[in-house]
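*Asks:* Chain by chain, the residues:
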Amino acid sequence: MLNTADFYHVWRIDQSSEQLKEEIKEHCHTDIERCLECGKCSGGCSNAHIFDITPRKIIQLIKIGEEAKLLKMDALWSCVACQLCVDRCPSSINIPRIMDYLREKAYKQHIPATRPNVQLFHELMLGHINRFGRVPEALLSVEFNIRSKQYTKDAQMGMKMFFKGKLNPIPARVKDIKKVRRMFRNLPMQREG
Amino acid sequence: MKVAYYPGCSLHGLAKEYGISVEVVCKHLGINLKEIEDWNCCGATAAHSLNHELTISLSARNLAIARDMKMDKVLAPCAGCFSRLKGASYELRNNKTLAAEVAEIIQSAAPVEPEVKNLLQLIMEEPGLLDKIQSRVVKPLRGLKLAAYYGCLLTRPKEIVQFDDPELPVSMDMILKALGADTVTWAHKAECCGGGYAASDTDIVLDLSGQVLESAHRAGADAIVVACPMCGVNLDTRQEAAAALKGKKYDMPIIYLTQLMGIALGYSPGQLGMKRHLISPFPLLQSKGLA
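Read top to bottom, the protein sequences are chains A and B. For reference, each letter of the first sequence is one residue, going 1 to 193 in this note's numbering. For reference, each letter of the second sequence is one residue, going 1 to 291 in this note's numbering.
Since the hints were derived computationally from the structure, they do not count as laboratory data. Keep in mind that a hint or two might mislead.
As the list claims (entries may be wrong) - These stretches of chain B come out as covered by chain A in the derived footprint (C-beta under 8 Å, 3 or more residues):
1. 4–17
2. 151–162
3. 173–185
4. 198–205
5. 282–288
As the list claims (entries may be wrong) - Derived pair list, reagent style DSS-like, types lysine-lysine, alpha-carbon separation capped at 27 Å:
6. B/16 - A/153
7. A/179 - B/96
8. A/164 - B/249
9. B/96 - A/153
10. A/160 - B/96
11. A/178 - B/96
12. B/249 - A/175
Here the structure is a predicted model, which means the values were calculated and not measured. Where a beta carbon is used, it is the ideal one built from N, C-alpha and C, also for glycine.
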């Protein structure tokens, strides 16, 4: 049976704040007050059909300062950063950058990712860049499978790819790795709290 | 033209055949590629997803090395790397505070040049190059009906990339036509394949790549042509699973643009890494007398 609650979400505003909007103006160089509410961002979005909160709603929630909802939304972990929203926006609001900003903020505050494997994959990949300077794709896939407890994921396909010469067994390394590690030392993936 | 070459991790790994064919074709056309010395990974989706300063710094080091090599341009054939490098260069130009911070991190002045170009841009923006390619075709790709697939990042975001149309691009179609092929009109030429979610959330890739494959199939394409390793790898390696979800089987070869350029310029499929695809392009090429 159709339930109106499946179609309409009533946002209960507990606290309203200008702070998030101002932060975004400063860090993302984009003024969401210019939003015309036309919805072209959501219309173009590659993944609107799976987003819990669609781009136009995200902008509205930023306007009213609903930070708590935004930092735990699934859209942060399913956005493909395809840049359709920003290119279709008549006001050039940089939504992909806003998504990155919100995700980084959520991550630093230890807010659990709704898709833990996506976060895990990012972390493992950055770990490899810190270690080797480049990404050893074969090693990363194996490590990801073990850490995400999906031991046989893509195993058959992986073997085919290996025999096609697509997977290097030995990781390539950056010689001046100190320069790369310095980026991680200065900007550690440190979290607050 | 002195062009710094940024292969990125994929062109040395998952998409070796793209790297191989880029080098073969550029050499043939007199484009002198010099690999950026000791380059590091651009950070890809992982870095921009979790730390903004890190993603800019990783690209800034590569650009600074290219600048110190006194190169005119940087060629990043991977659309993902291109987007990271180009985006970083745009931010470093426009955000002085960030540029100063990044300069301190990479211990070198923040690079504002050389200009970063993707493969399509490099070809289209060099005066006379497309004509030169056309005049050197020895094996026209006659009879091939191709879907030129640009994906997201070769043309977007438009403010930063400033090349071709962001959603209805034509440059790859023009190159393929210069090689003697036909291209189909289709809806998904600049839609996303799911990019970096291939391993971490495969369902997203099966869904989005499945839409792209279905669209190319309906338009009657013999093959999809790509200029990005993520598009190439997703559409090739995830095709069987994506098609199975729709109860179909496409057997649609996914071929890198430079591989087809190589064929038309007289190289053999083997020299262009054509044996490395999971869905073999050989039956199609043989049926058109191209292999």
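*Asks:* Tell me the numbers of any earlier hints that the structure contravenes, in ascending order.
*Replies:* 3, 5, 9, 10, 12
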